[in-house]
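Number of protein chains: 2
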Amino acid sequence: MDRPKSRPMVSRVIPVELFDLVVFGATGDLAQRKILPALLRRFVAGQVPEGSRLIGAARSEHSVAEYRAFAEAALAEHAAGVGTAEQRKAFIETLDYVTVDATGAQGWPELATKLVAGRVRAFYFSVAPRLFGALAERLHKYGMASGDARIVVEKPFGRDLATAEALNRDLAQHFAERQIYRIDHYLGKETVQNLLALRFANLMFEPIWNAAHIDHVQITVAETVGLEGRVAFYDDAGALRDMVQNHMLQLLALVAMEPPGSFNATAVRDEKVKVLRALREMGTGKTVTGQYRAGAIGGKAVPGYDEELGKASNTETFVAIKAHVDNWRWKGVPFYLRTGKRLPQRVTEIMVQFRCVPHSIFAGKGATMQPNRLVIGIQPEENISLSLMSKVPGLDREGIRLRQVPLDISMPDAFVGQHRRIAYERLLLDLIEGDQTLFVRRDEVEAQWHWIDAIRAGWRAEGLAPKPYTSGSWGPSAAIALAERDGVSWHE
Amino acid sequence: MDRPKSRPMVSRVIPVELFDLVVFGATGDLAQRKILPALLRRFVAGQVPEGSRLIGAARSEHSVAEYRAFAEAALAEHAAGVGTAEQRKAFIETLDYVTVDATGAQGWPELATKLVAGRVRAFYFSVAPRLFGALAERLHKYGMASGDARIVVEKPFGRDLATAEALNRDLAQHFAERQIYRIDHYLGKETVQNLLALRFANLMFEPIWNAAHIDHVQITVAETVGLEGRVAFYDDAGALRDMVQNHMLQLLALVAMEPPGSFNATAVRDEKVKVLRALREMGTGKTVTGQYRAGAIGGKAVPGYDEELGKASNTETFVAIKAHVDNWRWKGVPFYLRTGKRLPQRVTEIMVQFRCVPHSIFAGKGATMQPNRLVIGIQPEENISLSLMSKVPGLDREGIRLRQVPLDISMPDAFVGQHRRIAYERLLLDLIEGDQTLFVRRDEVEAQWHWIDAIRAGWRAEGLAPKPYTSGSWGPSAAIALAERDGVSWHE
Chain A
-6 MDRPKSRPMV SRVIPVELFD LVVFGATGDL AQRKILPALL RRFVAGQVPE GSRLIGAARS
54 EHSVAEYRAF AEAALAEHAA GVGTAEQRKA FIETLDYVTV DATGAQGWPE LATKLVAGRV
114 RAFYFSVAPR LFGALAERLH KYGMASGDAR IVVEKPFGRD LATAEALNRD LAQHFAERQI
174 YRIDHYLGKE TVQNLLALRF ANLMFEPIWN AAHIDHVQIT VAETVGLEGR VAFYDDAGAL
234 RDMVQNHMLQ LLALVAMEPP GSFNATAVRD EKVKVLRALR EMGTGKTVTG QYRAGAIGGK
294 AVPGYDEELG KASNTETFVA IKAHVDNWRW KGVPFYLRTG KRLPQRVTEI MVQFRCVPHS
354 IFAGKGATMQ PNRLVIGIQP EENISLSLMS KVPGLDREGI RLRQVPLDIS MPDAFVGQHR
414 RIAYERLLLD LIEGDQTLFV RRDEVEAQWH WIDAIRAGWR AEGLAPKPYT SGSWGPSAAI
474 ALAERDGVSW HE
Chain B
-6 MDRPKSRPMV SRVIPVELFD LVVFGATGDL AQRKILPALL RRFVAGQVPE GSRLIGAARS
54 EHSVAEYRAF AEAALAEHAA GVGTAEQRKA FIETLDYVTV DATGAQGWPE LATKLVAGRV
114 RAFYFSVAPR LFGALAERLH KYGMASGDAR IVVEKPFGRD LATAEALNRD LAQHFAERQI
174 YRIDHYLGKE TVQNLLALRF ANLMFEPIWN AAHIDHVQIT VAETVGLEGR VAFYDDAGAL
234 RDMVQNHMLQ LLALVAMEPP GSFNATAVRD EKVKVLRALR EMGTGKTVTG QYRAGAIGGK
294 AVPGYDEELG KASNTETFVA IKAHVDNWRW KGVPFYLRTG KRLPQRVTEI MVQFRCVPHS
354 IFAGKGATMQ PNRLVIGIQP EENISLSLMS KVPGLDREGI RLRQVPLDIS MPDAFVGQHR
414 RIAYERLLLD LIEGDQTLFV RRDEVEAQWH WIDAIRAGWR AEGLAPKPYT SGSWGPSAAI
474 ALAERDGVSW HE
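For the protein sequence lines, the chains are A and B, in the order given. End of the first sequence = 485 in the numbering used here, gap-free, step of one. End of the second sequence = 485 in the numbering used here, gap-free, step of one.
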C-alpha cells in the first residue's frame, strides 16, 4: 500500500488588501533591518497589492528621493539577493517620505494628505515609547485615526507595570484595543505557531500535556553577544525586563495555555492571559541573576560587562527562574527559564520533558530508558524534535535494547531550501489583514509586568546583586544548582 | 546546544551457550529456506560458539557428507553472499546427519549417542504435526528428553481446538510447558518487538492507548501469490486458519495487551492470553470470506483458485473480520482484520488510527485535519511511522495551514544498510538462551482456536460460501463495506 509521503507544500500567496503603512522612525535601526526587508520580501512574493505604499516618517529632513536611496542602501545590506533588480526598483518606488516632528506640528498636515481613504491604514510606532502618546494624539488631531486605522507598537512596552499602564492609557485615549498591535516578534516565528498546530491539531499531545505526564519545561534564550550598541538602554533594563517579561513569558503562555475555542485573537489571548495571571508570585531562592565578566566565546577573548559599560553596574545580564503556573493542569510542574548574554551559544528553545515511564518492563535487559522530550528550536534554527525510545535493530542477547530516536517534526523534507522568513513578514501581513492573534493584548502585557515587578521587588528587598560569570559559560553556578536541586539538568 | 543525534548503534554480538540442535525434517523446505540460513547468519556473526552442532534428522538415507552437500546447495540458494567461503565451509562442517524413522526405531539409538551432555539440547520438529507425538515419545524413550531439553514446533498447530488440545496433550506427556517452544515467526520480526518497545518504553503512548483515544485498529496480511505448491494443505485449511488463527491474532494481542510487569515469558504471555480470551465471540455479518478468480497482478494474468486447484472448492482465500476485545481498555474499538491471496500488493501491517481531535480550533482556516496514525509495517519493509499534523511552513493568508507529516520511528538512519534479518535468527537464539517470551504458550494457542472455531461454526450454520473476487483486487466488495459501514476506509 502507498504510504503517505509528505509532499512539499508551498504556501499559497494571496495578496493582502491595499494598504498605506506609515512607519514612524523610518530611518531607524528596526526599519532598516526588519520592516523594509520584510515588506520587500512580501512584495517580491506578490503579496503586496499594487498601489500599496510605505510612507516613511521621521524627524530628519529627507526628500522622497533621498529616503528611497536610504532604503535602497538598507536593503542592499539587510535583504541582499531578494528579488530581481526590477522588483527591487518597483518596491523602492512604492516608498514615500514625510519629515514629521512627533512632539510638534511639522509634517502632520502633509502626512494626512498622503493617506488614501478606503484602504487599510496602519501606523508603525518604531520610536521610543515616550513618543507613543504624542503620536497617537496627533494622529487623532490631524484626522488620521479613522475607525479602522491600526497602530503597531514595539517593545519595550514600559519598564514596569506603572509605565506600561500609562502607555496603554495614552494609546487608549485615541485608539480602541482592537486597533492596537503590540509586537512580540517571537510570535511571528514559524515554530512558535507550529507549536500551536502540534498541540491542537493532534490528538496525541493534549491528553499528556499536563502535570501527570510532563516532568518540567525549560525555556532558554541564550545570546553570545554582549552589550553591543545598546549600552544606555540595556543597563537601565537588564535581562529580566529585556527578555523574560516579553518573549519568554509569551513562550511560556503558549506552552501552558488551555485549548482555546478557536484560533482567533480573542480566544487565544484569553487563554494566554489566564496563564500569565496564574504565574505563582516568586519567593526568594527561585531566581538567580548574573553579570558577565571577561572570558572567551568561540575562541575569541571578550571583555566583561563592566568594562564594556565603562563603570560598575548592578544590572543583571543573566537570569534563571524556576517558575510555576498555579492551576490544575500544571500543579507542581516547574518551568525553568534562563536567558543571558555572553553565553557559549546563541540558542532559543523550549524543551518539554515528559515524565519517565512509571515502570520499566525492560529493566535489566541492557535498556537505558530516557524520558520523552519535545524540543522546540526557535533560534538559530527553527525546528521541532520529538525524542522517542525505540528498539535498537539487531539480535542483542539481552532481548530488547533501546535507544533514543529524535524525530524531526517541523522540517523533515523539502522546506529546507526555502529562505528563512523574518518573523516580521508574518506580523506585517497579519496587521494588514487585521488579525491580532499573534499580537499582545493590553491585559497580557500588564499581567507580565505584574509578575516581573514582584520579582524585582524581591531582589530589592533581598539586596540581591548579580553574581559574576565568565563570558562563554552557562552563567553563574547557582543557575545550575537551581535546576540540579530538583534533579534536573539544563538542556544543552 | 547539541541536539541528540541518533548514532548508528550496532547490536552487540555475544555468543549464546554451546548447543546441539537436532532438526527433524532436516531435508524439508523450512530447513532449507529458514533454519539453515538463519543459523549460518548467526554463525558468521560469531554468535554460535565453537563446538555447537546442527544435527539433521530425516527419513531419507544420507551420509553426513551427502547432507552437508545438500545443505551447501540450500545455502547457495537461500543465503547467497552470507559470510566468506571459509566461514561457510566452517559452518557446513558443524553439520551432522542421522537417518531417523519418526514412527519406528531406526536411527534413534544413533541419534542419542551423538548428543553431548551438559550443553543446551534442542529438537526442532519441522515435520507434519501428526508426527509431533511420535517424536516426543521417542525422545523420551531413547533418553534424550533431559530436564532442560527443548522442543520447537511449527505451525500449523492443529486445525481446530480439539486437534490443538490433542497435540498439546501429546507433547505434555513427555515435556513440560517450559520446554515447549511454539513458533510464530511473526514474533521474531524486528518491528513486532519494536512495537512493544514503543508502547512500553515511552510515556507518550500508554495514556492514549485506549478506547478514549483510539478510533480503530487495522491489521492486514496481503499476499500476491496464489496456491503455489501448498495445494493439498491450503484447501484443507483456508485463510482463517492459515493466517488469522496464528499470526494475526498474535499481532492483535501485542497491540491490545495491558502493560506486562516485565518483558519475560510469563508476564508477556499472561497479558496476551487475556486479550485472546477477551475477543468477543463473532456474530453474523462481522466476517466476509472470498475466493479469488482469474485476474491480473502486476500486469500479469493469473488463474483463479478453482483453476489452480483443478476443482471447485468452498475454501476461503480471503477473510475480513471486524473483531472486538471486550475489556475496559478497548470497549467499542473495532479491530479490522483482513488477509487474502492474490491481492494487489504484498503487505503486512498494523495501523492504529487515533480519534480526531474533539474540536478543531483551526476550522475555516484552510486547515485539513487528519487523525493521527501509527503504522507498523512488517512486510515487505519493516518500519514504524507516526503521522502528525504540522503547520505548513509559510505565510498563508488563512493563518495556519496544516499538513500530515509521517515520522519514521524505527529506521530513521544508518540501519538501512544492514541485512534484513530472518525472523528465525532471533527465535533460534532465544531458543538456545531458553527465553520463551517470543514463543506461543499452550493457553494462547488454545484461546486462538477457541475463537476461530466459533467463527467457522457460524459459517457452517449460515451456510456461508466465499464470495468470488478478481485476482488483483482487494477482495470482495463486501469486505470494503464491512469497514465503510462504520465510516472507516481500509488503509491502502
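Treat the hints with care, as some may be off.
Put simply, identical chains are the same to the list, so a pair is met inside one copy or across any two.
[To be verified] Below are the SDA-like pairs computed for lysine to any residue, each with C-alpha atoms no more than 25 Å apart in a straight line:
#: 1; residue 1: K134; residue 2: W321
#: 2; residue 1: K324; residue 2: A205
#: 3; residue 1: K460; residue 2: G136
#: 4; residue 1: K279; residue 2: R81
#: 5; residue 1: K324; residue 2: H206
These are calculated hints, taken from the structure and not from any lab test. What you are looking at is a predicted structure, and each value in this text was computed from that prediction instead of being measured.
Structure-based check of each hint:
1. In this assembly of identical chains, the alpha carbons of K134 and W321 never lie at most 25 Å apart, being 48 Å within a copy and 69 Å across copies at closest.
2. For a Cα distance limit of 25 Å, the shortest separation of K324 from A205 qualifies both inside one copy, at 9 Å, and across copies, at 24 Å.
3. Taking the shortest Cα distances, K460 and G136 never come within 25 Å of each other, neither inside one copy (52 Å) nor across copies (80 Å).
4. In the homo-oligomer, the alpha carbons of K279 and R81 never lie at most 25 Å apart, since the shortest distance is 51 Å inside one protomer and 66 Å across protomers.
5. Both within a single protomer and between protomers do K324 and H206 lie at most 25 Å apart by alpha-carbon distance, with minima of 11 Å and 24 Å respectively.
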